[in-house]
Amino acid sequence: MDSQMRTSTSEKSLYGVLAEFRNPKELIDAAKIVNKNGYRKFDTFSPFPIHGMDKAMSLQKSKLGWIVISHGLLGFAGAVAMIYWMMVVDYPLNISGKTLMNVPAWIPVIFELTILLSAFGAVFGMFFLNGLPKLNHPLFNSENFKKATDDGFFVCIESEDPQFESEKVQKLLESAGATNIEEIYDA
Amino acid sequence: MSKTYEYVPEPALIKGNHDFKSITALVTDINLRPTPKLWYVAFGISNILLLVLLISIAYLIWEGIGIWGLNQPVGWGWAIINFVWWVGIGHAGTLISAILFLFRQNWRTAINRFAEAMTIFAVMCAGIFPAIHVGRIWVIYWVFPLPNQMAMWPNFNSPLLWDVFAVSTYFTVSFLFWYVGLVPDLATIRDRIKSKVGKLVYGGFALGWRGSNRHWWNYEKSYMILAGLATPLVLSVHTIVSFDFAVSIIPGWHTTIFPPYFVAGAVFSGFAMVLTLMIICRKIYGLEDIMTVDHIEKMNIIILVTGSMVGFAYIMEFFIAWYSGVEYEKAIFILRAIGPYAWAYWIMITCNVISPQLFWSKKLRRSVGFTFFISIVVNIGMWFERFVITVTSLSQDFLPSSWGYYSPTFWDIVTYIGTFGLFFTFFLLFLRFLPMVAVAELKGVMPQADPHNYDEVTGEYKEPVVKIPEPRKDSV
Chain A
1 MDSQMRTSTS EKSLYGVLAE FRNPKELIDA AKIVNKNGYR KFDTFSPFPI HGMDKAMSLQ
61 KSKLGWIVIS HGLLGFAGAV AMIYWMMVVD YPLNISGKTL MNVPAWIPVI FELTILLSAF
121 GAVFGMFFLN GLPKLNHPLF NSENFKKATD DGFFVCIESE DPQFESEKVQ KLLESAGATN
181 IEEIYDA
Chain B
1001 MSKTYEYVPE PALIKGNHDF KSITALVTDI NLRPTPKLWY VAFGISNILL LVLLISIAYL
1061 IWEGIGIWGL NQPVGWGWAI INFVWWVGIG HAGTLISAIL FLFRQNWRTA INRFAEAMTI
1121 FAVMCAGIFP AIHVGRIWVI YWVFPLPNQM AMWPNFNSPL LWDVFAVSTY FTVSFLFWYV
1181 GLVPDLATIR DRIKSKVGKL VYGGFALGWR GSNRHWWNYE KSYMILAGLA TPLVLSVHTI
1241 VSFDFAVSII PGWHTTIFPP YFVAGAVFSG FAMVLTLMII CRKIYGLEDI MTVDHIEKMN
1301 IIILVTGSMV GFAYIMEFFI AWYSGVEYEK AIFILRAIGP YAWAYWIMIT CNVISPQLFW
1361 SKKLRRSVGF TFFISIVVNI GMWFERFVIT VTSLSQDFLP SSWGYYSPTF WDIVTYIGTF
1421 GLFFTFFLLF LRFLPMVAVA ELKGVMPQAD PHNYDEVTGE YKEPVVKIPE PRKDSV
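First to last, the sequence lines map onto chains A and B. If you're matching positions, the first sequence starts at 1 in the working numbering and goes up one per residue. If you're matching positions, the second sequence starts at 1001 in the working numbering and goes up one per residue.
Isolated chain B (complex conformation):
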């Protein structure tokens, strides 16, 4: 059988005719220009929402967690749902910065800074919920192994304590990873900014970085090791979050599929959130040359893969419930689909299982508008997934006499909305003051950065030529 095929070159990572200087300018000029008016508007709205969060936290501390819709039998509601949702969103940032780095996916350089910032702010939003959920927030330090008035230590056998360690380690390591990546770019801004205060501040945070290759040598090693550390870390974090549920004996929670299923769901929702933010920012800040449609397509493929994994996990949960032969397990899964929370279940299925399958179409996954729409749908779906897991299992467990229906209160809702204020306040500050693309890394993956792409004699840049192997006719 004869078959003709042609060589499909890898699309260029950066579109347009850019050199090192224009890339520096494209990204860091955003920080050096005067603040755009629209930024103030967005920042103002975010600040109002942040105020809403602070007020609802203050009222919660004053009045107690009775202001939320929690009661018997549903003792975990929106707060835990929001915690899992936000921390899950954070996972995409680490996946992009660490796992894609280890797999040498050079396209990550366009979005990793951005996604890592999202991670840090999402984990901050997440961390608030369990902290304020404890009721007596003034003794929150009891979760850490610190000497206290009871002369007791935290229980290291408890998944909730594992979670404290997992999330705080995750936040710290993500922050350090982000900062290490930022140092060379802060030095770039230090060398370009005109104002005295700016020079001082950026210079301070750049730590005296001067691009020495003796430094880069250790730096690259450090970056590689951090990526290697962050990879098992990010997998462990959502695994441990899922242990909060899986280690209990509640029907619907006590399953071994939870760790991989939670991690896949986390990456799924995180990529959607990165896309939502990226599609807005590349437009407003004119970064279409760096964050190209090819990037969007690659991310959509990851959404398709992880979305299918999540869909598979839903099917598997149902199968195992039937296969286990446990009455309560069987009952809870049937109740999820046709019980009082069936509306939430079917929203979840529609958003998480059906909507990503549309990305099998190349046309749709390269459509910016459609991607934006799906990215929001996916995050709604993932919120409902956590709602279904948390609430249905608690509201209808072993004894029908103690079943109950859970509804959120006004304060549940405003606290959740308020966390968007926190998230966007920090995110807007990030967009304003820090380079939103990793400039040094991006330059490193340009063809001009490779010494082999220069002429031996004249030293002038020449486009790399890809040698296309002849197809072996005898074996085809």
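With the rest of the complex left out, here is chain A:
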């Protein structure tokens, strides 16, 4: 209700509050504080993955493993089915009287296709889980946020969080030691 009112009154709607921190340790501490205060729609940004951030943010185990294994099994089953159909069913070739079901000789191709499909799962599954590619994002409106890929460490609490109140959030981040706080708008 509150967010709907805001969109109707002004052109730009508030996406969230972005706060910068000095280093990985302070970012972890800030993430813990934000998490403890019950915010769920928040994220932290850093130029590299930080050890221990998953616990600080209470991140769920990544689902990627399931995507990869299902792709791997698909690759395996698909390769077996393809070779069986081509070598035994569709066009059987008698090669010096050898058996048509020459399974040991199929292992290399089955192995390669299992790996190939698993790798597709690992790469495209990761991008899918992360919602990438994404051509634009409200955070890119912040000039300061460019540091996130260099040496900046950021926390962003999104306005979609049920507890979100801009002033309260800003105060919380300030007390957590943020060096720079700004409001981010959808442009």
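Worth double-checking, as some hints may not be accurate.
[Stated by the list, open to error] Straight-line distance between alpha carbons at most 25 Å, and here's what the computed PhoX-like set of lysine-lysine pairs gives:
(1) B:Lys1021 with B:Lys1462
(2) B:Lys1221 with A:Lys32
(3) B:Lys1363 with A:Lys171
(4) A:Lys134 with B:Lys1462
(5) A:Lys146 with B:Lys1330
(6) B:Lys1221 with A:Lys63
(7) A:Lys171 with A:Lys55
(8) A:Lys146 with B:Lys1467
Worth flagging that the hints you see were computed from the coordinates, not collected in a lab.
Since the structure of chain A is already known, use the hints to place chain B on it.
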């Protein structure tokens, strides 16, 4: 017995006094600066060689593979040698990026991007040879299981078909692995570049990466799984390449030692190639703080290990030939050492067995100039290894009446030289437009990246202190 020893700390991965910002600048400024003049010179030379390659391929397609020195009895010559050589070089990149990652060798971050790029371009050069070797290149799609006018399928029992799957999978997976690693660094360049076109292009390829830790969480998982997939893959690729030989019944080829021996040789030559390229680039681009002498030493140790494995395999081949009691096997190994190709055999032994042993000396393996020299010697040696394997076995097999001597023609040689044009054209483009060090990964292994290295109260960075355990006097 009393013994005094002192604690030897692990050398710092990055030399000099760097923070995150200076590392970003050191690497990505190379891409943001105006193109250096020397780059144009190198690129021009590479383009000329690339043109040589294209002309020789065009002439080959026009005239047929009779322009090469192939005939009975030697039907596999330089093309297959070059294929195995290039694909072997590629293996170092995957070893560095995947296997060293699984073993938590953090020093790999300085060279993995670089080595992976080398892998991709080397596999491209390799792939050309079997493709143009088929003779009728316009029906090359017959190697894939695609419907064709004969209503036939490729023979899945054939090692040559396994090779098609192995090399194409290897290329695809290496490329994906490389690209996944590149995405955060492309985002770094996107955020630093001034030009509009640059922003658009780098922004497009960065896919909207913004360093979110929710993303990093999946990303690290993906990277780990890819490393786990690429490790058996890289071992399988050269294994399958060796099957091209080992599954036949030609004396000297039909041996079970081939898969491990080929893989060790591949890593051996690949590390040498990484060193050759790295020693030039760290100098020109001023990356000595990142690619340090410690890195060179560690790579030289791997060259020493794999070189010794290759040397052991040579001895083992001889032993098994004698032990098998097969006349043809015995004959081919003696002919390799004293026959018409003895010159190639002894070049191989000198370059691959003797030269890496010099790295037992700490002084030599920490010498940049000497390493550069040996890295080239090793790649010459590894080329001759493939020459010896491919040519000697074919030229003198079962029937002395059908023996023959093989020599390359002009076109064999220029095609090989031309692949360097392809390799360096791509490599120079890579150096110019992509960050040649994995910046995000490198920052992740700096001591400043570890939250434990900050003061609890003030939040200021403090150098990590290593606790040295007291030696247990009673047991020493």
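Against the structure, the hints come out as follows:
1. B:Lys1021 with B:Lys1462: Holds: Lys1021 of chain B and Lys1462 of chain B sit about 18 Å apart, inside 25 Å.
2. B:Lys1221 with A:Lys32: 22 Å, holds
3. B:Lys1363 with A:Lys171: 59 Å, violated
4. A:Lys134 with B:Lys1462: 38 Å, violated
5. A:Lys146 with B:Lys1330: 67 Å, violated
6. B:Lys1221 with A:Lys63: Holds. Lys1221 of chain B to Lys63 of chain A sits at ~9 Å (cutoff 25 Å).
7. A:Lys171 with A:Lys55: Cα-Cα ~24 Å, so holds.
8. A:Lys146 with B:Lys1467: 38 Å, violated
Checked against the numbered hints listed earlier, the structure breaks hints 3, 4, 5 and 8; every other hint is satisfied.
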